[in-house]
Amino acid sequence: MPPGELVYVGDESGVVSVSVTDYDEREYRVRVSATMEECVLRKGAPGVTWINIDGLHEVAQIEKLGACFGLHPLTVEDILNTEQRPKVDINEDYVYIVFNMLTYDEQAKEIDSEQVSIVLGENYVITFQERKGDIFDAVRDRLKTGKGSVRRSGADYLAYCLIDSVVDNYFKVLEGIGEDIEEVEDDLMANPDKQTVQSIHFLKRETIYLRKSVWPLREIIGKLERGETPLVRAETTVYLRDVYDHTVQVIDTVETYRDLISGMIDIHLSTVSNRMNEVMKVLTIFAAIFIPLTFIAGVYGMNFDTSVSPLNMPELNSRYGYPAVLAVMFTIGAGMLLVFKKKKWL
Amino acid sequence: MPPGELVYVGDESGVVSVSVTDYDEREYRVRVSATMEECVLRKGAPGVTWINIDGLHEVAQIEKLGACFGLHPLTVEDILNTEQRPKVDINEDYVYIVFNMLTYDEQAKEIDSEQVSIVLGENYVITFQERKGDIFDAVRDRLKTGKGSVRRSGADYLAYCLIDSVVDNYFKVLEGIGEDIEEVEDDLMANPDKQTVQSIHFLKRETIYLRKSVWPLREIIGKLERGETPLVRAETTVYLRDVYDHTVQVIDTVETYRDLISGMIDIHLSTVSNRMNEVMKVLTIFAAIFIPLTFIAGVYGMNFDTSVSPLNMPELNSRYGYPAVLAVMFTIGAGMLLVFKKKKWL
Amino acid sequence: MPPGELVYVGDESGVVSVSVTDYDEREYRVRVSATMEECVLRKGAPGVTWINIDGLHEVAQIEKLGACFGLHPLTVEDILNTEQRPKVDINEDYVYIVFNMLTYDEQAKEIDSEQVSIVLGENYVITFQERKGDIFDAVRDRLKTGKGSVRRSGADYLAYCLIDSVVDNYFKVLEGIGEDIEEVEDDLMANPDKQTVQSIHFLKRETIYLRKSVWPLREIIGKLERGETPLVRAETTVYLRDVYDHTVQVIDTVETYRDLISGMIDIHLSTVSNRMNEVMKVLTIFAAIFIPLTFIAGVYGMNFDTSVSPLNMPELNSRYGYPAVLAVMFTIGAGMLLVFKKKKWL
Amino acid sequence: MPPGELVYVGDESGVVSVSVTDYDEREYRVRVSATMEECVLRKGAPGVTWINIDGLHEVAQIEKLGACFGLHPLTVEDILNTEQRPKVDINEDYVYIVFNMLTYDEQAKEIDSEQVSIVLGENYVITFQERKGDIFDAVRDRLKTGKGSVRRSGADYLAYCLIDSVVDNYFKVLEGIGEDIEEVEDDLMANPDKQTVQSIHFLKRETIYLRKSVWPLREIIGKLERGETPLVRAETTVYLRDVYDHTVQVIDTVETYRDLISGMIDIHLSTVSNRMNEVMKVLTIFAAIFIPLTFIAGVYGMNFDTSVSPLNMPELNSRYGYPAVLAVMFTIGAGMLLVFKKKKWL
Amino acid sequence: MPPGELVYVGDESGVVSVSVTDYDEREYRVRVSATMEECVLRKGAPGVTWINIDGLHEVAQIEKLGACFGLHPLTVEDILNTEQRPKVDINEDYVYIVFNMLTYDEQAKEIDSEQVSIVLGENYVITFQERKGDIFDAVRDRLKTGKGSVRRSGADYLAYCLIDSVVDNYFKVLEGIGEDIEEVEDDLMANPDKQTVQSIHFLKRETIYLRKSVWPLREIIGKLERGETPLVRAETTVYLRDVYDHTVQVIDTVETYRDLISGMIDIHLSTVSNRMNEVMKVLTIFAAIFIPLTFIAGVYGMNFDTSVSPLNMPELNSRYGYPAVLAVMFTIGAGMLLVFKKKKWL
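Residue numbers (my numbering), protein chains in the order written: chain U, 1 to 346; chain D, 1001 to 1346; chain L, 2001 to 2346; chain W, 3001 to 3346; chain G, 4001 to 4346.
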C-alpha cells in the first residue's frame, strides 16, 4: 500500500456522529449531528472550536476534513488505522496525538480499548473516536457550565482536559484489575486449581496489554509538556505536568501488578507441590501400615498341610496363635503410626 | 473532575489539629491548636514559621491556607489526594514535596503508610499529615532546646530535618522486614509448608510496596540537592547530599531484599520436591519389599486340590514346605533391602 | 581472509536476474534481464534509476557493479555475506542499508529470512536480494501507474518505499506467530502434553530470531531519519518517521510475544502438576479405601485352627460373623469416602 | 537524631590503636600508639603523614581529630557509622572515601566485612579501621623499604596504594567463593539433597552482599580518576585507572557468579525431579507386575464350594490347574517386563 | 604487591619464541627466533615492524623490551597478568590492547582461552601470546604475498588485521556452541535425563564465559574507531567499524544463545513432569483396577463357617456363586477401563 492510502481497519457498525462545539469566555454553542461542511466553516473562526467525530468508517468525509484543516496524508492514515501505537506527531500547524481509551468490563474481566486521535490546532481541537462513548461528557459539562477555567483558556487547555479525562479513566481500569488480582490471590492460597492458572495467565495478558498502551503515553505527554510546540502555551504546561505525574503513577502501578502476577504462578506451583506432598503422605501411611499386615495375614492364609510335619505352620494349631498374630499386627501398626508421628507426617 | 477540584480521599476520622511554631536564633514560640487565621498571619513575619497540620478532612480550611500562601490549585489538590506518587514540584515561590511516611507494625507484620506533604517557602514550612504522629517530635525537641544548628538556619534546613527524620524511619521499617525475612528463611529450611509460601508472597508484596515509595524519593532529594531552586541554600545542600546517600542505601537494601525473596519460592519448591522424594522412597521401599512377598503368600493360599494330581501344589504337602517358603520370603526381603541400601535410598 | 575479499556464503541455486528501472515525473522504463553493462550506463543519467538484482552468486559481476558505482570493498563484501547483522553505513557518496526480509511459512510455522541490501546514491537505488521475491512488486506497480508521489520524488523516496514494503511485511509475520501463540495457549489449558512443550520452545526460538532482525532496524531508520546524510532529503524524513513508528510497533509486539511465551512454560508446568495431583488423589483414594478392607478380608482368610482353642478366630464360627464383617467393611469404606469428601478430594 | 550527632554503632571491644607514619623521599618515621595530640601536631608538617586508627569506639578522640583536620561533622558521623554505603565525598580541603574491606573465612564459608574510611588531604592521609588488620602491612613495608615510587610520591599515591591493597584482597574473596561454587556444582550433579539447597541459598546471599560492596566502588574510583579534585594529581590518575579496571573485573566476576548461582536451583529441581521419576518407575514396575498376579492368586484362594456345582472353580480340581495358573502368572509377569523394557523404563 | 611489580601468572611450559617482521611497500623481512636486542634495534627504523612474542615466562626479557619501547610499568604488568579483563589503554606514545583469543575444542566441548596483548606504536606493533598459535598465520601470509592493502598501510592497519583475525575466530567458537545447543535441544525433547541437565549447565557456563570475553571488546574497538588516538588513522577507521559490526554480531549471537539456554532447563523440568505424569497414570490404572478386584477375591477367601448359619457366606455354596463373582469382577474391571478411557488416561 502506498503511504497516505486511506483505509479504515476497525469496526464498521454504527452511525458516524459529528458534533461541533464553539466557545469563548462568554458564549457556548453546540451543534450535534453536524455535517463536515459545518466543521470546515469553523476553521479560523474566533473562539475555540471542538469537533468531535464518533465513528471512522466514512473515510471520504474524514479525508475531506483532513484536507481542509491541512492535515498531512500520513496523519489521516494514522487516524483511520486503529491499531496504531500511541504517539504524538508535532507538525508546524498542528499537533497530532493518538492513544488508547481503555475501559474495564467487570463482567468479562476484560479491558476494552478504543483508539482516540486528537488534533490540536491554533484555536481548534478535533477528536476522533471509534465508537460513541461517555468519557468526554464531564469535559462537555464543564464547558457548558463554564466551571473551572476551561472557557477562559485556549484550545491547548481543552486538549489537556480531554487527555486528562482519558488518563483518569485508566485508574478505574487499574482498580478493576487490582480487585481481580486480589481475588486470584485468595484462590491461590485457599484452593489452587486449573482455573486459577487460567486466571493468572489471563491477568498477565491484560497487564501486558495495559503496559503497551500506557508506556508510550509518558513519552507523549512528556513531549507536549517540554514545550516542543508553540501550540501548547506555558500556562498549560503545569497542567500537563500533572497528567504526566498521573501517567507515571499508572505505569508504576502496572509494573507493580506485573511483579505481583509474575510471582503468582510460582506460588501456585509451590502450593500444588505442597498439596501433592500431603496426598503422597496419606498414601504412604496407608500403604506402609497395611501392606506388611496384609502380608502377615497372607502368610497365615497359606494352605501348608500342618499334618505332614510339625514344621509346617505350627502356629495355626497353637492355642494362642490367633491372638498372638493379632497382637503382633497391632504392634506393627501402632509402631508405624509412632514412626510417622515422629517424622511429623501426621 | 476538573483539575484543581478539591476532594479529600483519605480517612476522615480524628480531629484536625494545627500547630504553629515560630523561631529564630533567639526566640522560639509554639501555638498548639492554632486557627487557620493565626497561620495566615505568620506569612511574611520575621524568623522561620513551621505550620504543621495533622488531618486533612477540613478541605475548606486547607484551601484557604493554600490561597493565602499562594499555592497553585493543583498543589492543594495533591495535598488532599493521599494516593499521590512521591514527587517534588519546584514552583517560583515555593517547593512542594510529597512522599510517604512509613512505619512497620511488628505485630501485623505490615507497613503502615501515611502521606506527608511539605511546602517550603522563603521563610516558612508547612507540613500536612493524615494522622497525628510522633516522627517529627525529635525535630520539635531540637527546635525547642536549640540543639544543633537548626535554630540558626533557615526554613530549608528545617525542611531537610523533617525529610531526614522520615528517611531515618525507613531504616526501622527495613530492619523489621529484614527480621521477617530471616524468620521465613529459617522456616524454609526447617519446615516448609503452605504457611511459608504465604509468608513469602506477603514479604514480596511488602517489598514491592516499599520500593514504590522509596525509588521516587531518590529523584526528589536529588532535584533539591542539585540546587534547582534558590529556596534551598548552598549550605543546606551538603546535608541533603547526606539524606540522598541514605536514600540510596535504603534503595540498595530494598533491592537486596527483593533478590533474596525472589529466590525463596524456588528454594521452597526445591525443598518440597526433596521431601516428596523422601516420601516416595518410603512408599516404594515398602511396596517393593512386601508386594512380591504377599504374592508368594497368595500363591500358597490357593485352594488347588492337591489330591487330584501330584502337580497341584505339591509344596503344600512337603515336609519342609513352610520353612522353605519362609526362607525364600526372607531372602527376597533381605535382598530388596540390600538393593535399596546400595541405591542409597535407605 | 583479508578484508574486502569477496565470497558469497548463501544459496547458489537459481539464475541471477537483473532489472533496471528508470523514471522521472513523465517517463518510466523497465529493462528486465539487463546486463551489468546496462546498469553501469545508467550511472549519472537524469531521472532516478533503480537496479534490482535477484541472486548474489555471480560475485564478479557484483564486484564490477560495485567498482563502477564507487562502493567501498567492505560494502561489496557485506552485500555478499548474507549472514550480516542489519545495519546502515553512511558514506560520502552513498548510503548502504542491509536488513532482513522476513516471510512466514504458515505450513511449517517457520520464518523464512532473506537478506536485502539497499544502496542509495544521489539519483539511483540498487537493491540486492538472495532470491526472486514479490515483496517489491507493489512498489513496481506504483512506479508504473505513477500512483502516489513516488514518480515526482527522488531516489530517497524510492528507498523509503522499499524499506516500508519490507517493514509492512513484518506485520504479516507477527500475525502468523500471534495465531500460533493463541493455538498453543488453547492447547496449554485444554490438553498440555509433550507436543505443547515443543511448540512453546519453537515459538520462543522464532521470537528470539525475529527480535534479532527487528531491533537493529529501529536504529537504522532512526539514523536515516535524523538527517545524518544529505542523500535523504528533509521532505522524505516525515515518511521515514512513519516507518520508524511502525518498527517501534513491531518491536513492541515482539516484546509482548516474548512476555507471553516466557510465562507459558511455567503455566504448562503448573497445569501438569495440577493434573498429577488429580492422578495421585485417585490412586490414594483407591488405596486408602481398599487396602484396609483387603487386610480385614486377609485376616479372616487365615487358617488358624478354631477347634484347638476358642481364642482362635471365634468369629468364623459365629452366627453373624460374615454379615458383621461385611458391615464393618462397609462402614470403613463409607467413612473413608466421607473423609475424602470433607478434604475436597472428591 | 540531629545530623552530625556522633554515635558509634559497631563493635566496642579491643583497644583503640593509633599509629602515625611520616615520610618523604629521604626520611621515614613511625610512631605506634601515638596520642591524638601527636596526630594533630603533624598537620601542615612537611612530607606526607599517614595516621592510621584501628578501633572507633573512643568517639571523643575522633571528634577532636576531625575538628583539628577541619572535617565536616557529617564526615565524622559517617566515619563512626559503620553501616555506611561505600561512597566518596569530595570536599574543598579533603576527600572522604568510605568502603568495605572484605576477607573470606574459608572455614565458616563467610565473608567478613569491615568498614574502612580514608581521608585524603593536601599532604596527609587518615585511615580508620574497625579492627586491627594486616591488609595495609604490605603498604607499610613498601614505605619502610622505599621500594617502588611510593616514597617519592604524594599523599594521593599513598591513598591509591591503600585502596589498591583492599581491592586486591577482593580477588581472594572471589577465589574462595568460586571454589565453593564448584563444590556445590559437584554436589548438585552427584547427590542433590536438602543440604545442597541450603548451600546454594547461602552462596546467593554472599554474592548479593558482595555485590552491594563492590558496585559503588566503581563509581568511587571513577570519580577520583576523572580528576574532580586537585588533591588527586594527574600522575596518580593512571594508577587509579588500573584499580578501576580491577574493580570492573571484580564486578564482572561477581555478576558471573550470580548468573551461575541463579541457574543452580533450577538444576537442583530438575535433578530431583529426574530422581523422583526413577523412584516412581521402580514403584510402578513392581505394582504393575505383582498386583495382577496377586489378584489371580486371590481368585484361586476363594472358597467356593466346588462340590455344589461344576461351575464353581472347576480349575481347582483340574489335573493341570496349578501348573497352568503358574504358567499364566509367569507369562503375565514376563509380558509386563517386556512392555516396560520397550518403554525404556528398565 | 606494589603496582608495576612484574609477575607472570600463567603457564610456564614451552619455549619463548620471538619473531620480528619488517615490511614496507617494497620489502618484507622476517627473523624467526630473534633476540630481544634485535627487537630493540628496530625501534624507530623505517617501514613497519611487527614483533610477535609467543610465551611470557621470561619476565626480564619482556621488562627490557617494555623499557626500550617506553611502555608504562603498569602496561608491562598487564601483559604478564594473563587473567586481565579485555581493555584498551590509550597512552600518548602507544595504544595497549588486551583481549582473549578463543578457540573451541570440539572434543571436550570446551572453549580454550589465551590472552593476547597488542601494543600499537607509531610504526610498530608488538603482540604477546601465551602459547604458539596459528590464528595470525593468515595475516603473515598476506604480508608475505603482499595481497590486499596491508603492505601499503601503516602499523594501525596491521593491528586491525590482527584484531580482525581474532574476532573472525569467535564465529567458529559460536558455531561450535550452536551445534552443541542443537544437540542438547534434540536430547531435551527425545530423552531428557540427568546427562541433559549437566549439558545444559555446561553450555550455560560456556556462554557466561564467552560473554565475559566478548562484551568488553565492543567498547575497546569502539574507542579505537572513534579516533581517540592519532595512532589510528582516519582511513583505518572504516575497517575498524567493520570489526565493530562483527563484534556486535558476536554479542547478539551470544545473547541469543543465552536466551535459548535459559529456557532449556524449564523445558527439561516440564518434560520430566510430563513423563512422571505418564508413569503415575500407569500406576494408578493398575491400582484402581486390581485393588478392588483383589479385595473381592479376598472376601470370598475368608473362612467363615457356612455350616453355622445361612448368613455366613451363602454365596460360597450357591450354584452360580463363582461365575457370578467372576462376572462382577469383569464388569468392575471393564467399567474402570471405560472411566479411564473417558478421562483420556489411556
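Since the hints were made in silico from the structure, they are not lab data. Everything numeric in this text was worked out from a predicted model, so none of it was measured. Note that beta-carbon positions come from the ideal geometry of N, C-alpha and C, so glycine has one too. Hints should not be assumed to be uniformly reliable.
Here are the simulated DMTMM-like cross-link-like pairs (lysine to aspartate or glutamate), alpha carbons at most 25 Å apart as the crow flies [stated by the list, open to error]:
(1) D:LYS1212 / D:ASP1193
(2) U:LYS132 / U:ASP187
(3) L:LYS2172 / L:GLU2083
(4) W:LYS3109 / D:GLU1063
(5) L:LYS2172 / U:ASP112
(6) L:LYS2043 / L:GLU2083
(7) W:LYS3342 / G:ASP4168
(8) L:LYS2109 / G:ASP4180
(9) W:LYS3109 / D:GLU1183
(10) U:LYS223 / L:GLU2083
(11) U:LYS109 / L:ASP2259
(12) G:LYS4109 / W:ASP3112
(13) G:LYS4043 / G:ASP4054
(14) U:LYS147 / D:GLU1063
(15) W:LYS3194 / D:ASP1168
(16) U:LYS344 / D:GLU1225
(17) G:LYS4212 / W:ASP3093
(18) L:LYS2344 / U:GLU182
(19) L:LYS2341 / U:GLU58
(20) D:LYS1223 / W:ASP3186
(21) G:LYS4109 / G:GLU4037
(22) D:LYS1172 / W:ASP3186
Pulled a few chain W residues facing chain D out of the computed Cβ check, cut under 8 Å [unchecked claim]:
(23) GLY3176
(24) LYS3341
(25) TRP3345
Hints, one by one, checked against the model:
{"no.": "1", "hint": "D:LYS1212 / D:ASP1193", "in the structure": "violated, 29 Å"}
{"no.": "2", "hint": "U:LYS132 / U:ASP187", "in the structure": "violated, 37 Å"}
{"no.": "3", "hint": "L:LYS2172 / L:GLU2083", "in the structure": "holds, 23 Å"}
{"no.": "4", "hint": "W:LYS3109 / D:GLU1063", "in the structure": "violated, 61 Å"}
{"no.": "5", "hint": "L:LYS2172 / U:ASP112", "in the structure": "holds, 24 Å"}
{"no.": "6", "hint": "L:LYS2043 / L:GLU2083", "in the structure": "violated, 29 Å"}
{"no.": "7", "hint": "W:LYS3342 / G:ASP4168", "in the structure": "violated, 48 Å"}
{"no.": "8", "hint": "L:LYS2109 / G:ASP4180", "in the structure": "holds, 24 Å"}
{"no.": "9", "hint": "W:LYS3109 / D:GLU1183", "in the structure": "holds, 21 Å"}
{"no.": "10", "hint": "U:LYS223 / L:GLU2083", "in the structure": "violated, 38 Å"}
{"no.": "11", "hint": "U:LYS109 / L:ASP2259", "in the structure": "holds, 20 Å"}
{"no.": "12", "hint": "G:LYS4109 / W:ASP3112", "in the structure": "violated, 38 Å"}
{"no.": "13", "hint": "G:LYS4043 / G:ASP4054", "in the structure": "holds, 20 Å"}
{"no.": "14", "hint": "U:LYS147 / D:GLU1063", "in the structure": "holds, 17 Å"}
{"no.": "15", "hint": "W:LYS3194 / D:ASP1168", "in the structure": "violated, 39 Å"}
{"no.": "16", "hint": "U:LYS344 / D:GLU1225", "in the structure": "violated, 58 Å"}
{"no.": "17", "hint": "G:LYS4212 / W:ASP3093", "in the structure": "violated, 40 Å"}
{"no.": "18", "hint": "L:LYS2344 / U:GLU182", "in the structure": "holds, 23 Å"}
{"no.": "19", "hint": "L:LYS2341 / U:GLU58", "in the structure": "violated, 62 Å"}
{"no.": "20", "hint": "D:LYS1223 / W:ASP3186", "in the structure": "violated, 50 Å"}
{"no.": "21", "hint": "G:LYS4109 / G:GLU4037", "in the structure": "violated, 42 Å"}
{"no.": "22", "hint": "D:LYS1172 / W:ASP3186", "in the structure": "violated, 41 Å"}
{"no.": "23", "hint": "GLY3176", "in the structure": "violated, 21 Å"}
{"no.": "24", "hint": "LYS3341", "in the structure": "violated, 18 Å"}
{"no.": "25", "hint": "TRP3345", "in the structure": "violated, 14 Å"}
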